[in-house]
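*Asks:* Please work from the sequences and hints to get the whole structure.
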Amino acid sequence: MIPNEWIMGLVGGLMIGVAASIFLLGNGRIMGASGLIGGLVDRSGLSDWAERIAFLAALIIVPAVLIALFDIQVSTNATANLFIVILGGLLVGVGTRLANGCTSGHGVCGISRFSIRGIMATVFYLVAGGITMVLFRHVMGVI
Amino acid sequence: MQRLLIAALAGGLFGAGLLVSGMTDTNKVQGWLDVFGDWDPTLAFVLGGAIIPMLIAWQLTKKRSASLSGAPFPSKPSTQLDHNLIIGSVLFGIGWALVGLCPGPAMASLSWGGLSGVLFFVAMLGGMLLVKPIRTQIDKVFAK
Chain A
0 MIPNEWIMGL VGGLMIGVAA SIFLLGNGRI MGASGLIGGL VDRSGLSDWA ERIAFLAALI
60 IVPAVLIALF DIQVSTNATA NLFIVILGGL LVGVGTRLAN GCTSGHGVCG ISRFSIRGIM
120 ATVFYLVAGG ITMVLFRHVM GVI
Chain B
0 MQRLLIAALA GGLFGAGLLV SGMTDTNKVQ GWLDVFGDWD PTLAFVLGGA IIPMLIAWQL
60 TKKRSASLSG APFPSKPSTQ LDHNLIIGSV LFGIGWALVG LCPGPAMASL SWGGLSGVLF
120 FVAMLGGMLL VKPIRTQIDK VFAK
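Top to bottom, those sequences are chains A and B.
For the first sequence, numbering that gives the first Met the number 0 begins at 0 and goes up steadily by one.
For the second sequence, numbering that gives the first Met the number 0 begins at 0 and goes up steadily by one.
Treat the hints loosely; a few may be bogus.
As the list claims (entries may be wrong) - Restraint-style ranges between C-beta atoms, simulated for each label pair:
1) B:I51 / A:F69: 23 to 33 Å
2) B:D81 / A:G44: 30 to 40 Å
3) A:A49 / B:N26: 34 to 44 Å
4) A:I1 / B:R134: 37 to 47 Å
5) A:V64 / B:G113: 13 to 23 Å
6) B:L59 / A:I130: 33 to 43 Å
Hints listed in this document are in silico derivations from the structure and should not be mistaken for laboratory results.
Even glycine gets a Cβ: it sits at the ideal position worked out from N, Cα and C.
*Replies:* Now the structure itself:
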């Protein structure tokens with residue numbers, strides 16, 4: 000039997016892919032989460048701020064509505080170690096803007112158009128993530 | 000107005016997909032990256048599932064001259080690999096593994112992620128603000 004979580008992963012993944020397709024075919028844009036928010040933060044993408052806000056507001060509000068509507072029990076299970084939380088957030092913010100993309104932009108949208116930059120970025124963040132798990136979970140035991 | 004509706008539709012479906020797929024659960028993300036621990040392959044199904052519609056969408060862009068709203072499609076991807084792409088991806092990978100959140104799920108889970116979720120989001124925005132001087136320093140090192 001295929002575990003239920005894998006099927007939900009596939010279904011959710013297809014939804015993410017359809018969302019990215021709508022954004023691409025509808026507005027001609029790449030659905031990159033870090034770029035959409037980052038352009039507002041560093042003011043480089045203010046020319047289309049309304050479109051960014053519309054996307055980000057729906058991204059935050061729709062899951063909240065679904066959880067309330069269907070009474071879904073959900074937790075991010077994120078660590079309560081606030082030092083790790085802040086360090087992780089800073090690294091994700093700096094890293095995704097330096098690399099000009101994250102899991103959605105480089106991963107989903109880049110790999111599907113066989114972009115060498117998207118593929119290389121994905122290889123590097125996966126390997127770095129794997130090594131981090133070894134060091135911080137198995138060697139140091141802090142995450 | 001049409002552009003805003005399309006953006007909201009995409010953002011909402013993206014958020015719903017992240018919730019359904021389990022990618023807002025940091026245990027599942029860290030489980031995927033923890034190859035030498037109790038490995039969880041769910042993320043591969045999510046990424047694979049997301050790539051399938053986009054393979055078709057990119058093909059469709061070749062048959063049309065512009066998007067529905069009239070805006071042009073993205074130009075061909077650059078093939079230039081540079082130090083910022085590699086260093087940035089490594090830093091992102093470390094942060095992603097430390098907490099188990101990347102930018103999309105961090106925002107999708109903002110309403111229920113508690114203090115850790117909000118702090119992560121604020122720190123991420125802080126990092127995005129700090130990147131300019133950091134990029135300048137890195138470029139100096141690699142220009143030598």
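*Asks:* Each hint needs a verdict: does it hold in this structure or not?
*Replies:* Hints and how they fare:
1. Take I51 of chain B and F69 of chain A: their Cβ atoms lie about 26 Å apart, and the range 23 to 33 Å holds.
2. As the Cβ distance of D81 of chain B to G44 of chain A is approximately 21 Å, the hint placing it in 30 to 40 Å is violated.
3. The beta-carbon spacing between A49 of chain A and N26 of chain B, approximately 36 Å, falls within the hinted interval of 34 to 44 Å.
4. About 44 Å separates the C-beta atoms of I1 of chain A and R134 of chain B, a value consistent with the hinted range of 37 to 47 Å.
5. The hint said 13 to 23 Å for the Cβ distance between V64 of chain A and G113 of chain B, and at roughly 18 Å that hint holds.
6. A hinted range of 33 to 43 Å for the beta carbons of L59 of chain B and I130 of chain A is consistent with their spacing of about 38 Å.
Checked against the numbered hints listed earlier, the structure breaks hint 2 alone; every other hint is satisfied.
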